[in-house]
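Model the placement of chain B on the given structure of chain A, informed by the hints.
There are 2 protein chains.
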Amino acid sequence: MSVENIKIGMLGLGTVGRGVYRIITGNGENIKRKIGAGLEIKKILVRDLNRDRGVELDQQLLTGEINDIMEDPEIKIVIEVMGGIEPTLDFVQQALQNGKSVVTANKDMIAVYGKQLFELAEANRADLLFEASVAGGIPIIRPLKQCLAANRINQVIGIINGTTNYMLTKMTKEGSDFAEVLREAQDKGYAEANPASDIEGYDAARKLAILASIAFNSRVVLDDVYTEGITKITATDISYAGELNYTVKLLGIAKETEEGVEVRVHPTLIPVDHPLAAVNDVFNAIFVSGDAVGDTMFYGRGAGELPTASAVVSDAMDAARDLLRNVPGIISCTCYDEKPVKDMGLVESRYYIRIQVSDKPGVLASIAYAFSDKEVSLATVLQKQTDAVTAEIVLVTHKVREKNMQEALEIIKHLSSVKAISNVIRVEGD
Amino acid sequence: MSVENIKIGMLGLGTVGRGVYRIITGNGENIKRKIGAGLEIKKILVRDLNRDRGVELDQQLLTGEINDIMEDPEIKIVIEVMGGIEPTLDFVQQALQNGKSVVTANKDMIAVYGKQLFELAEANRADLLFEASVAGGIPIIRPLKQCLAANRINQVIGIINGTTNYMLTKMTKEGSDFAEVLREAQDKGYAEANPASDIEGYDAARKLAILASIAFNSRVVLDDVYTEGITKITATDISYAGELNYTVKLLGIAKETEEGVEVRVHPTLIPVDHPLAAVNDVFNAIFVSGDAVGDTMFYGRGAGELPTASAVVSDAMDAARDLLRNVPGIISCTCYDEKPVKDMGLVESRYYIRIQVSDKPGVLASIAYAFSDKEVSLATVLQKQTDAVTAEIVLVTHKVREKNMQEALEIIKHLSSVKAISNVIRVEGD
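These protein sequence lines map, in sequence, to chains A and B.
Read in order, the letters of the first sequence are residues 1 to 430 in the UniProt record's numbering.
Read in order, the letters of the second sequence are residues 1 to 430 in the UniProt record's numbering.
Which copy is meant is left open, because identical chains are indistinguishable; a pair holds if it fits in one copy or across any two.
Here are the simulated DSS-like pairs of lysine-lysine, each with C-alpha atoms no more than 27 angstroms apart in a straight line:
hint, residue 1, residue 2
1, K42, K145
2, K145, K32
3, K32, K339
4, K32, K115
5, K339, K399
6, K360, K374
7, K403, K413
8, K419, K403
9, K339, K145
Think of the hints as simulated: they come from the structure by calculation, not from any bench.
Extracted from the complex, chain A is given alone in its bound form (with noise of 0.2 angstroms):
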């Protein structure tokens, strides 16, 4: 063990803190001549001291004892892969104030309290890095913080969450239905046993707010972001979509516009020539749009072990560096203005909306009426019969506001021809 080491305090022995720990000992001889110094994990705090890791290691690495991290001064890196807010955040506040730096793949704490957190890395000039808070081990807060920051980012779109775009994958390959797809995803384990996060979109928006938040230089958080999840996507929409040469993906869609920073997260109808439409099963992908790169897409795993300990571990050598040279903390908070965020009223987007009507003469003509009357203009209409008295209508819109649509869709929703409002999806990307 060489003298140049350094050393590293790990919070977190689970899945990512496995991976942590596997590259660090397994790849350790070229992490050194990368950075010129060896990582070396002296300490690893850990709720329960005898649970099998599914690792080999050295049982004394181990502690329950926060203190022994946080109070050792030889610790000069400490790796957040615990989770959770409560008492993670308390820890990496501790760390901070301690003059460490911390590198965290927590997305749920940087998405609400990185403000706080940035500060004070800076008051402490201290590294807080968070590759692997988004996408796992695509590298884009880095690209998005120097590779493009001679660029005005106008928009990021992503598929930044692995759970949904699998189960949307698989109904659109299979045309399987949505409670069948969870069932297998939770089997394979790609979903949780509670999936609300993924399939309600919370765990996108977390990503959405911390993408949003380095791309247009101004803080947005989780409560900013309007969430939609795919619990309502039907076979039948996607099927739908595929006629009209659309795919359905969950969408984290960020733009800076003249009214503000528009921040939402919900199912979507893209092109199928479009860059993310060929992005399937539990992929992720970002695509960012500069004023001067033009569009760019970034394409990888968004989780799992050892993906989302490349980023951690490619952080922790960037801090290492940082250290060798005396200058942690030399790209901190990139968030140097406060733009606001846009109200969803004011969003504009193109719809589909697919419409249960009775099937008699004069249904669409006033359906057709209604949105007009709301400044709300038809691209395409397909209509067809369902049964003896039903037929279905299938709507693309040009771009309206929201405000409009919803106004637009609450009198057609009380048309007396109108049996349901069956679906009603954003479309992007055209």
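What follows is chain B alone, placed relative to chain A:
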């Protein structure tokens, strides 16, 4: 003009130079807020002081005298966008010797003289940044050096020449012939009057040498790269490829194997559902596989005024940040290893082969025998009548060494029933 401005000397004011000037002046306020100091172009070296540059600028900025930049101690960063080797290499060496950080878009120079230049940069504690030299605005150099640093990279496969990708896309979508598409690309300004560098694969080979050096931490130079262009690709091959569920792309392929580093540029069949298959027109993409992160891909515009300038200015911002913290050269050359370059004869690949034969009994048997004699095993065989006396045989092989394939082809070429081997194209990505 604030005292904290970082002064820049620019070499060249062509297409990319104009883009750099536009971004630095047009986006100056944001750049300043991101790095804590403004970027200021103090001098620009041009050959002709009176030429119209297509951009409004103070004529006082222009100079025909290189020493106005090299000997100005106020100039801390040199942006090289004049291209070529002579006299560029001298200028860049001089800048580094004078302790100036250098940002360059010059793949020709880096792919051949990288080693000398990095040594010079290190000796003089200067940054030498070259993100723009590969794939224009797409972040790939820094992601490989930093974001994926924890990985052992196994392979890098890229569509890294926009001109040929545009041409192949056209040929695929419209069934048009090579010559016709080349004329069209020249008319549109996508291909140069002398298109050899693009269509013969040399441009891609330079970029691949740079990518492989970084990915495998071992210097690879242009001469190491086996290079084949797209001139022999016909509409017929593309059509057969489609029938077999492949698409044809000019790929740069770099792999680390036990027998050394494999680096090759050639037209390639890849499966239509491979992420690279959907990369069309002038877009570029680099597919990177690491032991921890798995498969990732970086997509965007590989050339053009503003996309390339996006990478140049972002690099200049990093150089400025390093200067402000007094750590230029914090990430320098990462070629700490010396791995052998694998002999092309040892490379393993699958192959697509199209052969014209006399349409009589026993022909296929004699061909199949020649292949099996050289241990080439066949995966797919298509045979089609082309006229009364000729048939066309299309074969796809399993993986086999290049050497065996060439030996088998040598025998087949001389079989009495074989009229011509029309094409041999490697297959990748299954």
